[in-house]
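Protein sequence lines, in the order shown, are assigned to chains A and B.
The opening residue of the first sequence carries number 43 in my numbering; numbering runs sequentially from there.
The opening residue of the second sequence carries number 200 in my numbering; numbering runs sequentially from there.
Since the hints were derived computationally from the structure, they do not count as laboratory data.
A quick note: this is a predicted structure, and the numbers were derived from the prediction, not measured.
Some hints here could point you the wrong way.
[To be verified] Here chain B is said to cover these stretches of chain A; the calculated rule only asks that three of the stretch's residues, wherever they fall, bring their Cβ under 8 Å from a Cβ of chain B:
| # | stretch |
| --- | --- |
| 1 | 141–153 |
| 2 | 160–169 |
[Said to hold, decoys possible] Take a look, some chain B residues computed to stay more than 12 Å from chain A by CB distance:
| # | residue |
| --- | --- |
| 3 | N215 |
| 4 | H261 |
| 5 | Y308 |
| 6 | Y329 |
| 7 | V388 |
| 8 | L422 |
| 9 | R509 |
Cβ atoms here follow ideal geometry from the backbone N, Cα and C, with glycine treated the same way.
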Amino acid sequence: MLKLATLPEPTLFLRPVPASLQARLLQNILEQMLDEEAMQRFAELSDKRFMFRTFDDVVRLGMTFTDNSIRVQANPQWEADVTISGNLPALIALCFSLEDADSLFFSRCLLLTGDTASGLLFKNVLANLDFDLHAVLQNKFGVSTVDALWRMAGQAIAGIERADGDATRTRAWFTKSLHLSTTDQTQSLRTDMNALAGQYDAMQHRLAKLEKRLARRA
Amino acid sequence: MSSPFIKPELVCPAGNLPSLKAAVDAGGDVVYLGFRNASNARNFEGLNFSATEAQEGIEYAHQHGARVYIAVNTSPKPGQEKAWTSSVDLAAELGADAVILSDMALLDYAKRHYPSLRRHLSVQASACNYESLEFYHREFDITRAVLPRVLTLDDIRILNDRTSVETEIFVSGGLCVMAEGRCWLSSFVTGDSPNMQGVCSPAHAVRFEEQQDTLDVRLDGVLINRFAPNEAAGYPTLCKGCFEAEGKQGHVMEEPYSLNVLEMLPDIMHAGISALKIEGRQRTKHYVKEVVSVMRAAVDACAADPQSYRTQTTWVERMNAVSEGGARTAGAYADEWR
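Here chain B stands alone, though its shape is the one from the complex (with noise of 0.2 Å):
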């Protein structure tokens, strides 16, 4: 069996209303978005949709032809599993085409209360061997995956060859070290993760701080990164920080670069692909709509004729003016070394 070619559905971030109704207008077939508590991997301050504004949003992408998928993909805490099932029944409450789940019990709960509605993977769960893929659609009957970023586009098309689950890639935006699910690293200086608490780097042990020259950035005291005048800044992460290791000063664990796939998209849609995952909830309805017009004018330019299509340098420059670290990397689906 190969992987057929596939027109992948664009699946667009939303951390507010406006983002949404952005998405949808710029052209996303799916907008993803949580909400406003800690059962989602974005749980930032002031971010996420309340019920009344995850039903509006809900009716405004149904209305002009988009689907919606409500993330509810962190652990829940014990003693608190309330607050996380809650979300699962307030999605389904609310029409929502897919829930994206990471947790067993939360999917073994969806898959039972709520069979019909479409359970997905979320890259939280860091599943990436078909094996895996299988245990979930077998236990939970999941339809899709979304794939850590770890993995090379052989090792997915690979995985495409064999699975019937539907799998969903990052194409654009922040990337992490890239072991979804499993970092603790923020846990290790802020107490707070993305996997219990929804948050990396949470804001409340985040300070920039003006010196003389520069500006510093820490993280509950610890010093992080320090950036000359005029550099480009970049998000306050562990991962992304500067440090000095064997006498060498530099980003040892992670480059503050984005994600963009723009130049793999005809090998992408050979690999048989579902969706294009654009990261990004944090950010505003600008940065959504901008991302998403690009993508969907490349997306279908690919798709109308993958052997003549040729990434427009406007494309790039419009990615790379709302992109951390303004530079664009294949990250680990490129990894030659692999």
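One chain only, chain A, in its complex shape (with noise of 0.2 Å):
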């Protein structure tokens, strides 16, 4: 089973998103995953004031859970009663369900500070909701967006295999995690790698060319 203690920390990609769109992307995200249900036993929670945050401080969302719903807010200044500390993949995996939470406190991808009790209430009423992330995505922001936001995957895994070599697990993390199940999505996936590697050997080949011509200029 893939380890997501074993990906390359992807906060990177989130340096350039405002902390707003993150905090507005995850509310609406929550909003169309959380049934009445949850929210009814969220109501528990009314009085706490919980803190997402990623190990490296790229992402600091505060959430609160009022009037039956529930808001997300980028940096709150207020102190949380509860801070779920992570690295993103395992703050993703807990807040879609899409992994173990115990598994990854293990290993330590993912921290509870403050109130446990609130925070592992919070944990078992999302890992007590049925959804497929994919099919939230797409009903929120249309097939066609999220398809292109699954060729944007594609090329920034893309870019990692040529960075490191080896992407297979995160191609693999993200084909797991994102539903990725049909054969022509995954190959699709794949077209999309092979191509973006193309045109990044081409470059190189390109840019190898060039420093030569200056050197034998110089």
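Each of the two chains sits in its own frame; use the hints to bring them together as a complex.
Following this line, the structure appears as structure tokens:
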């Protein structure tokens, strides 16, 4: 089984994304996935303030539960009752119930500090939801937008593959996490990656030729 | 009489509906669960089933040829017995295939009110000898007992040679100090125990604290563990705490390893054991799916040809990836010193 701890920390890709946009995105997706019962159970957390942060602090999102609704806030100034820290894939996996949270904790990809009971309730209510992130995203943002995001994800993976020589596990995680189960989708992702890899090789070749010409002139 | 070769049923954990479905889909024969109250020994925040969810789960399991056992395996609090008997009533009403009980009063209640509903003796009853099993069988007509994790495989074989009660053993998941139903360690520090409140190390008493170079774990203010950076973490239970004793620091009561008996399956199947139980109702559907899939494949392979059965490396890797401590142990089953 793939361990998230072995993946490269992808917060690099989030640095240019404004925190307010990150917050809105998370809130939108959570609103899609949380059913009435989940919201009722979250009512027990109405006086609790949650903080979700990546270990490198690139992402810092606050979350509160009031009047049967959920509110995600970027970089809140208040002190949190519960702080859930992790690497980005682990936080995503927790929020969208993509991997077993205890396994992530054992491997130190995820950490819960503050009010443990409230954090446990949050985790277990999310784990009780039976949902498909891919379908939720398509429903919210449209099939073509999500498919475009898919292609971008494929290109990002290809970039990692070229950088570290082995993105097999990263690709496997994306495939598993985002429910890329059909042959067509997987094939499309692979084609994109191969195309990008080809472009990269061509660019490297051109750069090498340019370097040689410059060296000759010098 | 010697124990026959039995292909045991696989009894799988579910703390919520997605886990129940994952267990059934991955090939579990049975799913065990508890209601959302203190009547079962996994009474954690946000975990377990409402009546509606249990109903849906039982229907799903039955439609797919699986069964559901409901654990009502803590001791009723004085004056609040109704909450426990109501859980037995609900299990019967919903069509559960068995109730897993430990308290004698509840066993008696279930026998009198629902004589046709199978009664399994919970591991919480800590029955580990022939006389004890016979007593529960005679008085409460139990059909099965979940054995405490204190017996060796030889002990279990001898037990099965004599008793007519079916036996079920744990084969995977977290280990404790193996004094099920009699462990009060958690109570000493937090006031709550699995026996009464259905919870060991209740979350309200647990605090994880990030220090400069370590992760400290406190239980009601008592420091019970300190993890180095990147050291595999474990559950915050007192028995798996790291303490100093006689000048040495370490896990003086219990190592934070997980039980895994894959290599012993042929011996287990020759020991007359009726069911193999996977621990982990507190885990999510991903854990359940992974462990049940591996155990299903292993049990089927062993049952088909026990002589040439070999543990596959991928099974072990998959189990280790989701296990507490990331290591496997055969626990008491293979204790040679006994």
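Status of each hint after checking the structure:
{"no.": "1", "hint": "141–153", "in the structure": "holds (count 10)"}
{"no.": "2", "hint": "160–169", "in the structure": "holds (count 9)"}
{"no.": "3", "hint": "N215", "in the structure": "4 Å, violated"}
{"no.": "4", "hint": "H261", "in the structure": "19 Å, holds"}
{"no.": "5", "hint": "Y308", "in the structure": "29 Å, holds"}
{"no.": "6", "hint": "Y329", "in the structure": "37 Å, holds"}
{"no.": "7", "hint": "V388", "in the structure": "14 Å, holds"}
{"no.": "8", "hint": "L422", "in the structure": "15 Å, holds"}
{"no.": "9", "hint": "R509", "in the structure": "21 Å, holds"}
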